[in-house]
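**Q** Listed in order, the protein sequences are those of chains A and B.
If you count the first sequence from 1, position 66 lands on 66 in our numbering, and the numbers rise without skipping.
Start counting at 1 in the second sequence, then tack on 1000, and there's your number in our numbering.
What the hints contain is simulated information worked out from the structure, not anything from laboratory work.
The reader is advised that the hints may include incorrect statements.
Unchecked claim - With a straight-line cut-off of 25 Å between C-alpha atoms, the simulated SDA-like cross-links for lysine to any residue are:
id, chain 1, residue 1, chain 2, residue 2
1, B, Lys1126, A, Gln528
2, A, Lys92, B, Lys1258
3, B, Lys1061, A, Gly472
4, B, Lys1056, A, Ile537
5, B, Lys1098, A, Gly351
6, A, Lys5, B, Ser1192
7, B, Lys1258, A, Lys516
8, B, Lys1126, A, Lys92
9, B, Lys1126, A, Glu184
10, B, Lys1098, A, Ala244
11, A, Lys348, B, Thr1225
12, B, Lys1027, A, Arg496
13, B, Lys1258, A, Asp98
14, A, Lys516, B, Val1063
15, B, Lys1126, A, Ser524
16, A, Lys461, B, Phe1196
17, A, Lys92, B, Ser1192
18, A, Lys152, B, Asp1195
19, B, Lys1061, A, Ser469
20, B, Lys1182, A, Lys92
21, A, Lys489, B, Lys1258
22, A, Lys348, B, Lys1258
23, B, Lys1258, A, Val357
24, A, Lys92, B, Asp1222
This structure is a prediction, so every number in the text was calculated from the model and none was measured.
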Amino acid sequence: MANEKVVVVGGGLAGLSATMKLCELGANVDLVSLVPVKRSHSVCAQGGINSCNDQTRQIGDSEWSHLDDTVYGGDFLNNQPPVKEMAYWAPKVIDLMDRLGVTFNRTHEGFLDRRRFGGTLYKRTAFAGATTGQQLLYALDEQVRRWEAAGKVNKFEAWDFLGPMLDDNGTCRGCIAQNLNTMEIRSFPADAVVVASGGPGLIYGRSTMSVMCNGSAASRIAKAGVKYANGEFIQVHPTAIPGADKLRLMSESARGEGGRVWVPRKGQDPRDPKSIPESDRYYFLEERYPEYGNLVPRDIATREIFDICVNEGLSVEAGRQCVYLDLTHIPRAELDRKLGGIMEIYEKFQGVDPRDVPMKIFPAVHYSMGGVWVDFEKSSDGGLVAGSPRNQQTNVPGLFAIGECDYQYHGANRLGANSLLSCIFSGLFTAPGVLNYLSSSKGLGEDKTTSLCNDEIAKHKERHESLLSQTGGENPYMIHRELGDVMTKAATVVRRNEQLEKAYETVCDLAERANKSSLADTGSWTNQNVVFTKSLIDMFPLAKALVKGALQRDECRGAHYKPDFAMPPLQSTDDAGRRQEAEKWCDKFQANIDKWLKTTVADLTTGEPKITYEAIDTSSIPPRPRLYGLVGAEVIDEVWKERQRKAAVGNATGEKSPQPVA
Amino acid sequence: MIANANNDDVTPVRFRVKIKRQDGPGKPSYWETHQVEYEENMNVISVLQRIAANAKTADGKGVAPVAWDCGCLEEVCGSCTMVINGRVRQSCSALVAKLLRDQPDEITLEPMSKFPVERDLVVSRKRAFQALQKVKAWVPVDSYVDMGAGEKQSRADQEKSYPLSQCMTCGCCLEACPQYTKIEVLREDGESDADFEKRQEEANAAGFIGAHAINQAMLFNDNPTGKFSKAERLDALTDQGGIQMCGNAQNCVAVCPKEIPLTTSIARAGRSVTVHQIKKWFDS
């Protein structure tokens, strides 16, 4: 199998880890990336990377608990076999990154230091200051540079992936890409393509994502027939700072290190926050969720901030959702050592020292749980079959997707510090499967490959030229702003059907207008105008899948919250009444699972999403209500657990479980 | 500049941006002035976004949008380095209100002068990455299979390595270095990508590797596994374009956006190289 050619699209954590593993296994890789791979969006990840570890194990943690926290945090929308495999690999992934020289923070004795993150009660998160993503990416970048020096990797940096090349049977035979400076369009023939192109944040105009996170590669393979799954599940991070160009993340690790979220008990209290006494402060996350406190999962924290600011009118600033994130009680030296990266960002962009003054923070679009649909092969123990070509392969043979651009790991809501893990894990784990696919598949032959390449190049050249010459009068940058506005209004924290319906119409109109863009630059050298316009046009299928998926899904699950379909809180004040309500609540909850615990699968080949639903593998951990110790929800928890116990007893007596194979 | 009277922090209603443009490699450069409406929290990136959307000069003449590089917009990716009001820095963290406070009339933007211009403010920093390959800036592990954790490390060692590993290869230190001079190779008619790249790499190899690469060599020489190939890195540092070219101007450390102790790394590299050379002399 040596010297097989694989094309990897994207050089973030997923793309680089796949590349280095493929090289180790003997393959040659063409690595295609919009930016020099060292500048990929993974550098923006701040807080850390999760695994069960020796410290947490002593107090009851296990890989199984990591799996449980991940699927409970994801509101059970995740297929469990890939998550299970990832959780069991996590300690090994961190060991490897340690060997590769990542400068993880250390304990006094010299072990990796760990901190707590959202959605768990264990300190699972290894970190390198508050620039963990950057440090992990650099370690992988260095390894790929080593393979580049050895002649195994050819980097094509500043190249835009324009689309896959499919043969007459619909099998992937490589891809087409365009150089961002010379504007040359060329083919990259290969019998396997691994897309690792990251998230689609630019659909929202401004988000915490980098400028190259435009979703175009995912959209382009979807147009060629790859299914797109769970598009409506978009994570809005509770803590970011707004800028004219970008919303900058303030890591969850700030809360993991003891940061406290609060608002003055009086809305828009004009006092200096430092002078507001404890009695006038409302630590709403700690009061509402005593068990998890400030470290409830992100979707819950974001919704609570919305509730405090919009429903209760307690925002720090009028007209927007702003709360304090307070670190001022933590010693400066500790803040510098563990959170230096974000301290600097806040200081540089806000001009205020967060070591002295509570940070003013706002929610911001951050991550896409949904993405390219990929397959998996389940093993007998409920994980994945190692080396199976089905793992991470899309429905187009030979086309794989990994990292944030796939939909696989995070369900309806991602837990903090799980994305770095899912990216590196999926990259490493997929490589052997890709090579097994290649050794079992037949090549297209030289003549057919040449003619396929020529046809595809001609098609993309024609499209490029027509964009340059068309004169519809629309300004692509203005359309992008409008798209960002409509998406941010209708499809973020709180969603309502009438707004989503209107948004869908607006998005469709904008899509038509985008096709009539006139370019201010019609040149043939470093034409950023035409590259942007192509990516803008390709944002619309994903935006439509997102809005339509959200519109159709009449329930609340993880980051997808529709108040019109929310499960009501218990009203009754006496025990018997509450018990009765809880029983009804649980009936309704079960009915909702039966109806909606399904993957949304969109077919985007025509540009208009056709949506179907697919069953989810919950074979390891049965779904349960996500309560996180919410005050007043204890009785629901109790009733649900009783039902689970009864069901388990019923199963044990009703049917014989298969004998384990020795 | 028209001052906005209602604001304590004097911010203008609109301001001028003077940009040094160039249509392609080897083409002449020229200055162009744009006018931009002020918005709250504006940085140079958002200025360039508005200019791209407007695509008109201050005189109202329609022009191609200005090309520039950017990525993370929070100063961790290193993409958007340019020369702003005469100083090399990232454009994302260059806040307009502050720039106008220091120089009220206008903001000037230029591409870095030490790298070949692709177009306008976009430059090619391939040479900076090439230098990382030359000094073997990586940990030479046996494999990516599970071999357990790496060595234990003291907190003090981690605190020494972490700042060095924050280098974004942004190019600020190279722009400021008197010994780092521009090397530009222009493509010949009909030349293939591979041939052109090879010529560029050969030309780059003759120039100074730069403070960033010396710093990375030290980072990996400090690593418990990386130090096994210390000798190879030190050989690279004494090769053509190596540490001997450093003129000790110390500009690098002054402009580094991550405040990496580059001159300390260079001094340590100098000592290591000397010891290495003497040892080699005795061994030979």
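**Q** Hint by hint, say whether it matches the structure.
**A** Here's how the hints hold up against the structure:
1. B/Lys1126 <-> A/Gln528: Within the cut-off at roughly 20 Å; holds.
2. A/Lys92 <-> B/Lys1258: Violated: A/Lys92 and B/Lys1258 sit about 31 Å apart, past 25 Å.
3. B/Lys1061 <-> A/Gly472: Holds: B/Lys1061 and A/Gly472 sit about 20 Å apart, inside 25 Å.
4. B/Lys1056 <-> A/Ile537: Holds. B/Lys1056 to A/Ile537 sits at ~24 Å (cutoff 25 Å).
5. B/Lys1098 <-> A/Gly351: Given that 25 Å is the threshold and the Cα spacing comes to 10 Å, the pair holds.
6. A/Lys5 <-> B/Ser1192: holds (21 Å)
7. B/Lys1258 <-> A/Lys516: It is violated: about 43 Å lies between the C-alpha atoms, which goes past 25 Å.
8. B/Lys1126 <-> A/Lys92: violated (34 Å)
9. B/Lys1126 <-> A/Glu184: The given pair, whose Cα atoms are some 19 Å apart, holds under the 25 Å limit.
10. B/Lys1098 <-> A/Ala244: Roughly 15 Å separates the two Cα atoms, so the pair holds.
11. A/Lys348 <-> B/Thr1225: Violated: A/Lys348 and B/Thr1225 sit about 36 Å apart, past 25 Å.
12. B/Lys1027 <-> A/Arg496: Not OK: B/Lys1027 and A/Arg496 at ~54 Å, beyond 25 Å, violated.
13. B/Lys1258 <-> A/Asp98: holds (23 Å)
14. A/Lys516 <-> B/Val1063: holds (20 Å)
15. B/Lys1126 <-> A/Ser524: holds (22 Å)
16. A/Lys461 <-> B/Phe1196: Roughly 24 Å between the alpha carbons, so the hint for A/Lys461 and B/Phe1196 holds.
17. A/Lys92 <-> B/Ser1192: With a Cα-Cα distance of about 43 Å, the restraint between A/Lys92 and B/Ser1192 is violated, given a limit of 25 Å.
18. A/Lys152 <-> B/Asp1195: holds (18 Å)
19. B/Lys1061 <-> A/Ser469: holds (20 Å)
20. B/Lys1182 <-> A/Lys92: Since the Cα atoms of B/Lys1182 and A/Lys92 sit roughly 44 Å apart, the hinted pair is violated (cutoff 25 Å).
21. A/Lys489 <-> B/Lys1258: Status violated; Cα separation ~36 Å.
22. A/Lys348 <-> B/Lys1258: holds (12 Å)
23. B/Lys1258 <-> A/Val357: holds (23 Å)
24. A/Lys92 <-> B/Asp1222: holds (24 Å)
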